[in-house]
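Engineer: Sequence:
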Amino acid sequence: MSSCRKMRYPSFSLLREYNILFIRGLMVLFLSCLTIRLNFSISSIPSSLKALPLMGHFSFEEADLKHVARDFGNRYQSHPMAVLHPKSVSDIADTIKHIWNLGPGSHLTVAARGHGHSLQGQAQSHGGVVINMESLSVPEMQVYAGESPYVDVSGGELWINILHETLRYGLTPRSWTDYLHLTVGGTLSNAGVSGQAFRHGPQISNVQKLEIVTGTGEVVNCSEEQNGDLFHSVLGGLGQFGIITKARIFLEPAPTMVKWIRVLYADFTAFTRDQEKLIFAEEAFDYVEGFVIINRTGLLNNWRSSFNPQDPVQASKFKSDGRTLFCLELAKYYNLEETLVVNQEVEKHLSHLNHIPSTLFLTEVTYVDFLDRVHISEVKLRSKGLWDVPHPWLNLFIPKTKIHHFAEVVFGNIVTETSNGPVLIYPVNKSKWDNRTSVVIPDEDIFYLVAFLASAVPSSNGSDGLEHILSQNKKILEYCEKADLGVKQYLPHYTTQEAWRLHFASRWQIFQQRKSVYDPLAILAPGQQIFQKSITFS
1 MSSCRKMRYP SFSLLREYNI LFIRGLMVLF LSCLTIRLNF SISSIPSSLK
51 ALPLMGHFSF EEADLKHVAR DFGNRYQSHP MAVLHPKSVS DIADTIKHIW
101 NLGPGSHLTV AARGHGHSLQ GQAQSHGGVV INMESLSVPE MQVYAGESPY
151 VDVSGGELWI NILHETLRYG LTPRSWTDYL HLTVGGTLSN AGVSGQAFRH
201 GPQISNVQKL EIVTGTGEVV NCSEEQNGDL FHSVLGGLGQ FGIITKARIF
251 LEPAPTMVKW IRVLYADFTA FTRDQEKLIF AEEAFDYVEG FVIINRTGLL
301 NNWRSSFNPQ DPVQASKFKS DGRTLFCLEL AKYYNLEETL VVNQEVEKHL
351 SHLNHIPSTL FLTEVTYVDF LDRVHISEVK LRSKGLWDVP HPWLNLFIPK
401 TKIHHFAEVV FGNIVTETSN GPVLIYPVNK SKWDNRTSVV IPDEDIFYLV
451 AFLASAVPSS NGSDGLEHIL SQNKKILEYC EKADLGVKQY LPHYTTQEAW
501 RLHFASRWQI FQQRKSVYDP LAILAPGQQI FQKSITFS
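Residue numbering for the sequence shown follows UniProt numbering, starting at 1 and increasing by one per position.
There are no misleading hints in this set.
With a cut-off of at most 30 Å between alpha-carbon atoms, the simulated DSSO-like pairs for lysine-lysine come out as follows: (1) K319 <-> K380; (2) K87 <-> K50; (3) K402 <-> K277.
DEER-style ranges, computed between Cβ atoms: (4) H67 <-> H375: 15 to 23 Å; (5) H375 <-> T256: 16 to 24 Å; (6) K319 <-> D229: 52 to 60 Å; (7) A145 <-> R507: 35 to 43 Å; (8) N302 <-> A145: 35 to 43 Å; (9) N354 <-> S306: 19 to 27 Å; (10) M141 <-> S516: 30 to 38 Å; (11) Y494 <-> T416: 24 to 32 Å.
In short, the hints are calculated from the structure, not lab data.
Backbone N, C-alpha and C define an ideal beta-carbon position, used for all residues, glycine too.
Taking the hints into account, I'd like the entire structure generated from these sequences.
Structural biologist: Have a look at this one:
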């Protein structure tokens with residue numbers, strides 16, 4: 001009888017085993033269906049993109065995908081599914097609208113790529129679409145001379161091309177970056193800062209009007225007066241709210257020549273005092289920057305190839321070996337007929353500075369050569385194979401009240417040499433920045449840009465190697481956080497949303513709200529790693 005019961009009623013352990021096998025079977029079935037659906041969905045995407053009626057075209061070629069998977073930083077590589085080469089704004093709008101219509105079930109995202117000068121994969125889109133903005137051939141540049149001159153340009157236009165075109169009319173943009181082979185959309189999505197920012201503000205303070213393609217594929221014209229919230233959102237918005245397809249840039253009369261000056265300081269207090277004095281001086285200089293020099297040999301001899309010492313004998317006696325020095329770099333714009341007056345003005349302003357007298361170096365160059373000075377260095381580095389290397393750059397905005405604490409620790413203990421690349425340092429005036437834009441800056445009237453622009457030597461394990469430079473950057477950031485200096489990253493890079501919240505601080509909520517309005521599916525600029533597209537399966 002008991003044996004019959006055993007045959008008719010399976011044991012509890014046997015039932016549990018059946019249940020486990022049943023659940024496993026269901027899971028395998030579910031995952032198989034999910035995989036089939038994903039594979040079907042992904043495989044159908046290229047054909048749906050190819051079916052879009054565009055003036056330009058999509059590329060799925062491996063060489064094209066590989067090219068846009070890299071950037072100037074040369075540290076991050078993320079391959080997209082396709083590259084869009086647009087010929088019109090509608091190509092961009094139709095592509096984004098198509099991806100928007102696919103809904104949250106699609107994994108596709110979109111990144112706009114200019115000249116590829118992002119540092120940490122910000123213009124990449126893993127498995128998505130990268131838009132080659134330099135292919136955008138319309139509109140042609142239109143310069144409007146008159147009482148308030150401006151130029152209308154494509155978001156994919158290079159600033160160097162804008163310079164040459166506007167100079168044909170005797171005009172020029174007011175604010176620049178140090179390197180001009182960047183696109184309009186790229187710099188306006190960050191800020192666009194150089195030595196002119198103390199007077200005119202960053203490039204985002206010199207824009208009158210924009211055309212934007214939002215994350216829903218809508219084409220919107222905006223300015224302070226029209227769609228003002230979108231206008232200010234996009235400026236410094238890190239590509240989160242829309243793609244800049246056109247911009248109207250303010251212009252001013254262009255000079256023809258530049259008096260370019262360098263002087264050295266051994267005392268950081270004197271250096272910053274003079275910098276701050278100059279950014280508020282009337283009719284002094286048009287460009288004020290500076291850089292840090294640590295343990296450089298034969299510094300002034302290197303300058304002689306481009307600059308002339310005012311006192312050659314004293315300059316030849318100056319030794320930079322083993323010292324920490326600070327270089328003040330100045331520029332005065334002028335036209336040839338103004339040479340005599342400008343010389344007198346420059347001499348007057350220099351006489352009020354407290355630099356080391358024997359280190360005054362000057363030169364005169366054309367306006368174009370001055371603005372395009374970094375490109376000259378680029379050509380030299382490319383010829384030596386030293387341009388396409390990792391660039392682990394770190395850019396910081398530091399409040400004026402904290403700059404001396406920062407310099408004492410960072411230039412005294414953390415950074416021991418500056419042979420890997422320049423370390424820029426110069427003050428900017430907060431009153432020239434618009435607090436309605438998305439860019440985040442310190443809450444003080446004057447703050448400093450400090451930029452560690454290192455180039456890493458491939459395969460090096462020394463102080464010029466990537467790991468050493470990254471370790472140094474980490475130490476700098478850890479010190480800033482520990483000392484509570486109120487520092488903000490420029491060209492910021494974070495990998496978690498919590499870190500981004502801390503970066504934006506009180507402005508996070510409005511940044512998040514703007515994202516929900518202009519790019520609710522988080523389609524745009526995934527490489528910034530601020531918002532992640534949520535994929536749902538119906």
